[in-house]
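Chains as they are written, first to last, in the numbering used here: chain U, 1 to 216; chain H, 1 to 216.
No wet-lab data here; the hints were simulated from the structure.
Treat the numbers as computed from the prediction; the structure is a model and nothing was measured.
Check each hint, because a few of them may be wrong.
Same chains, same label: a pair holds when it works inside one copy or across any pair of copies.
[Unchecked claim] When the alpha-carbon atoms are kept at most 30 Å apart in a straight line, the in silico DSBU-like pairs for lysine-lysine are as follows: (1) K122 x K149; (2) K112 x K164; (3) K112 x K122; (4) K157 x K122; (5) K122 x K164.
There are 2 protein chains.
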Amino acid sequence: MTETQAPTERTRLKRYHWLAAYDRATIDAIIDAALVCQIGYVVEGAPIVTPTCHWRMGDHVYWHGSSASRMLRAQESGVPVCFSVTHLDGVAFSRAAFDHNILYRSVMAFGKTELVEGADKKTALEAFVTRLAPGLWDYARPPTEQEWKASKVIRMKLDEVSAKVAAGLPEEDEADLALDLWAGHVPVRMVTEAPVPDPKLRPGIAMPDFVRAFGL
Amino acid sequence: MTETQAPTERTRLKRYHWLAAYDRATIDAIIDAALVCQIGYVVEGAPIVTPTCHWRMGDHVYWHGSSASRMLRAQESGVPVCFSVTHLDGVAFSRAAFDHNILYRSVMAFGKTELVEGADKKTALEAFVTRLAPGLWDYARPPTEQEWKASKVIRMKLDEVSAKVAAGLPEEDEADLALDLWAGHVPVRMVTEAPVPDPKLRPGIAMPDFVRAFGL
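Chain U on its own, in the form it takes in the complex:
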């Protein structure tokens, strides 16, 4: 995946355009590193932004939910959405009050939703569970027919998409660099802590390796 998306009018970064990335390797890595995305859609002229779990398979991002979900019902007939992922990587302290900044990686993608059904739906949900933790699909109690029916899967093609990566300190004016003021950044990252067993866990059941190995 090294293809580059030509920016469209909507995805071409106008401000801070030097932070923009349009290559799929960068875009995919940002999407894949996140468990949670934000889906923007429009209902009766008003915007709604819903956080949800997502996963990617090739050129599509997927999300799922209950068949009774208002969001998924709105999206099953192919509506325009904005898919958005953001990682906070740090805070930059500059010499000038208005030059402080956030370090981050983000992706914004525009597209239309599509309902995923039949065998593709099963493949997609298995891929999601496996993406959460490799080995989890075979370990867990398999879904019943009722559970399959109660789940809906939506996808969107990644063809109007851009990334933005702010990794370094913002440029400061020469005059500011000469001031006797400190500048630098504080990195921020997500960490996992030790797994916590369910209080209802039956005695004698060992923690599976994929739980111990879970990382972000």
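We have chain U already, so just place chain H on it with the hints.
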């Protein structure tokens, strides 16, 4: 701040309604713990979701940017937006493949934007810098008139807002609890790492205490 917002048709949680919170103490804590929010808005019928830094003062959430920003230009005349904040707190592994879940805290607020000008704009931007790190406003090089002019501040009143807090494992069927399968959760949190000085830092400048004390 212990007032409770009566849920509207849009903010009343229909699915997983037991995860809902409408009290401002819970809502404010989730908003204040985040540096980055997602702003959803509509341009020519299509949704756009933009990550940006936010801060809260009383009943309003604020965000800012360049006066030339397309997003802020669209929002200065009072458009409907959806303000959204999400913290990922962990991943829950259930006994059933379709019961795995994410632990999270999120806030969704609907409102109209409002341009903040004059003295209120200065108060708001000073509050933002101080919220980033107490002491930072007085330490940094103060903004010039040009910088004030180049910044625009938008706010939205928190009067149609709800929170959702998924802190525990999802309910599992009695039959699933009896299976010889492990269940539990892996907590996730954001941490800060040691501050990194700017490579252009002049020699002999001490790191200010507010940088050392910076936390999330």
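Checked hints:
When the C-alpha separation of K122 and K149 is checked against a cutoff of 30 Å, the pair qualifies only within one copy, where the shortest distance is 11 Å, while the shortest distance between copies is 54 Å. Taking the closest pair of Cα atoms, K112 and K164 come within 30 Å of each other both inside a single copy (22 Å) and across two copies (27 Å). Within a single copy, K112 and K122 get their C-alpha atoms as close as 21 Å, which meets the 30 Å cut-off; across copies the closest is 41 Å, which misses it. For a Cα distance limit of 30 Å, the shortest separation of K157 from K122 inside one copy, 18 Å, qualifies, whereas the shortest one across copies, 43 Å, does not.
In this assembly of identical chains, K122 and K164 lie within 30 Å of each other by CA distance solely across copies; the values are 29 Å between and 33 Å within a copy.
Checked against the numbered hints listed earlier, the structure breaks none of them; every hint is satisfied.
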